[in-house]
Every structure is written in C-alpha cells, then in structure tokens.
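Participant: The residues making up each chain are set out below.
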Amino acid sequence: MEISLAHYLALAAILFGIGMFGVLTRRNAVGILMSIELMFNAVNINLVAFNRFVTPADFTGQIFSIFVIVVAAAEATVGLAIVLLIYRNFRDIFVDNINLMKW
Amino acid sequence: MDSAIVPYLFYLFSFVIVVSGLLVVTMKDIFHCALFLILCLFSVAGIYVLLGADFIAAVQVLLYVGAIAVLMIFAIMLTAKVSGIGIKQQNEQVPIAIVTTVAFVAIALYGLGKTIWNIKIDAVIPDNTTMAIGKLLMTTYVVPFEIVSVVLLAALIGAIVIARRN
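These protein sequences, in sequence, are chains A and B. For the first sequence, our numbering assigns the number 1 to the initial residue and increments by one for each residue that follows. For the second sequence, our numbering assigns the number 1 to the initial residue and increments by one for each residue that follows.
Keep in mind that the hints were calculated from the coordinates and are not lab data. Note that the coordinates shown come from a computational prediction; the quantities given were computed from them, not determined experimentally. Glycine included, C-beta positions come from ideal geometry on N, C-alpha and C. A couple of the hints might just be wrong.
Listed next, the stretches of chain A that the computed footprint assigns to chain B, with coverage defined by at least 3 CB atoms under 8 angstroms from CB atoms of chain B [what the hints assert, rightly or not]:
1) 18-24
2) 39-52
Restraint ranges, calculated between C-beta atoms of paired labels, are given here [to be verified]:
3) Leu-62(B) x Met-101(A): 31 to 41 angstroms
4) Leu-152(B) x Asp-58(A): 37 to 47 angstroms
5) Asn-99(A) x Lys-28(B): 45 to 55 angstroms
6) Leu-78(B) x Asn-99(A): 21 to 31 angstroms
7) Ala-4(B) x Asp-58(A): 22 to 32 angstroms
8) Asp-92(A) x Leu-152(B): 43 to 53 angstroms
9) Pro-126(B) x Lys-102(A): 45 to 55 angstroms
10) Asn-99(A) x Trp-117(B): 22 to 32 angstroms
11) Asp-58(A) x Glu-146(B): 36 to 46 angstroms
12) Ile-96(B) x Met-101(A): 37 to 47 angstroms
Simulated crosslink set (BS3-like; lysine-lysine; CA at most 30 angstroms straight-line) [to be verified]:
13) Lys-102(A) x Lys-120(B)
14) Lys-135(B) x Lys-102(A)
15) Lys-135(B) x Lys-120(B)
16) Lys-120(B) x Lys-28(B)
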C-alpha cells in the first residue's frame, strides 16, 4: 500500500480543522495561540507534501515552509508578549472578559 | 528509508497528531495542552521525515519544540492563576464551532478527493536537502530571506517593548 499525496493533504485538512475548532472555542488566549500553531503546522504539512510530490527538485515548498515557521515564531513571540501585557493590566487572559474595545 | 514501513509510520504519526491535537484543543488544564502540543509537533516532524524533508524536520524540532513550545509553557507559568481546574476553558460557541469545523473538513476532504493532482512520479528525490536549501536561500530566495530576518528582528524588538515594565 502506497501513501499518496491525498493522504498527507487529508491529514493536514483534519489538523487544520482541529486548530480552527480550538481558535473558535478556547477562552484562554494562550490556548488560542497554541491552536494557531496547529493550523500553521497543517499548512506546513501541505507545503512539504506538495514539494515532495509535485516539485521534488525545486524545493519551493520546503523553502516556503521555512518562511512559515519563521513567521510563526515571530507571531508567537509578539502574541505571547501581548498576552503577558494583558495579564498584567487585567489579571485575566480569558478573551471573552477582555472587551475594552467592544461596545 | 525502507519504503515498506512508510505506511505504518504514516498512520502511527497521523494517529498521534490527530489525537494529541484534539487533546490540545479540548483539555481543561492548559499546561497539559502545552505538553500534548509538543507531542503533536514532534509527530509532525516525523511526517516531514517520511516526506524526505530532513532539514525541515530538524528546523521543526529546533524551532517549534525547542523554542515556541517552551515560550508557551513560559507564558502559562506567568499567567498561572487563571488556568485552574474549576475554571471553564471553552466559550459558549462549542456546538456551532463543531458544525463549522466538520463542514470545513468535509468540504476540504471532498475537494481533495475530486482533484486530479499534477504528480511527478519519475522525479528524483534528493537524499540530502540541506545543501540544496542553503544554496537556494542564498541565491534565488535571498531577498525573502533578508526580509524575513528583518521581520524576526522587528518581532524581537516589538516583544521586548510590549512586555517590559515601565
């Protein structure tokens, strides 16, 4: 039995769905950031799988996934700094309680 | 790699990824969520190895497991008082989120089942990807490479400025 491109894409779609569910339902801001990391990983699986099956000699997908990982690191750094600042000011990181800009 | 065990490894890693991913988004204790996130990211690195992307797998372990997951745990420790057992961790959107997610995944799976992919079967899979990626990063992709390092520096400075005390 051979593992085809569709297998990897199906895995990535399911992982993306799991991350989306987490983003939609989590109250904890750190939990939302972790769910976003799951979605980034789903995208990276897609990129590397396409690289392996469609353009194996060009490495386009692998280069793109490196950039995705770097931007994810930047996002996590800034996001967690914002979470810490919110926690310091509100004593709370539940996003449904932080509604200062909502009227 | 011996290609006979690839399907078994794929299903093993997929099972671990899906189960630990579900635990990440549903567990009560956010610290346990972070630990299962690490397990999930490790399994994704295994999937990269199966796909012949050894450099990406190493970057995944170094950056995600080594840096981002530790950063997450650090943030959880600093905000520890709001992650107790008795506190509700999910909002009231759970039913509609389940419907949306299942619909999205179903549409995605249906679409990728119907699509005919432009697969190159006879292409040569290189053994060592690190040297080729390094060369490409320094030649064809040198501008995005420099830009992304500026982005990283900006994020670093931004995080310090945001999180420091006055």
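Participant: State for each hint whether it applies.
Facilitator: We went through each hint and held it up to the structure:
no., hint, result
1, 18-24, "holds (count 6)"
2, 39-52, "holds (count 7)"
3, Leu-62(B) x Met-101(A): 31 to 41 angstroms, "holds (37 angstroms)"
4, Leu-152(B) x Asp-58(A): 37 to 47 angstroms, "violated (25 angstroms)"
5, Asn-99(A) x Lys-28(B): 45 to 55 angstroms, "violated (23 angstroms)"
6, Leu-78(B) x Asn-99(A): 21 to 31 angstroms, "holds (22 angstroms)"
7, Ala-4(B) x Asp-58(A): 22 to 32 angstroms, "holds (28 angstroms)"
8, Asp-92(A) x Leu-152(B): 43 to 53 angstroms, "violated (30 angstroms)"
9, Pro-126(B) x Lys-102(A): 45 to 55 angstroms, "holds (52 angstroms)"
10, Asn-99(A) x Trp-117(B): 22 to 32 angstroms, "violated (45 angstroms)"
11, Asp-58(A) x Glu-146(B): 36 to 46 angstroms, "violated (21 angstroms)"
12, Ile-96(B) x Met-101(A): 37 to 47 angstroms, "violated (23 angstroms)"
13, Lys-102(A) x Lys-120(B), "violated (51 angstroms)"
14, Lys-135(B) x Lys-102(A), "violated (49 angstroms)"
15, Lys-135(B) x Lys-120(B), "holds (23 angstroms)"
16, Lys-120(B) x Lys-28(B), "violated (45 angstroms)"
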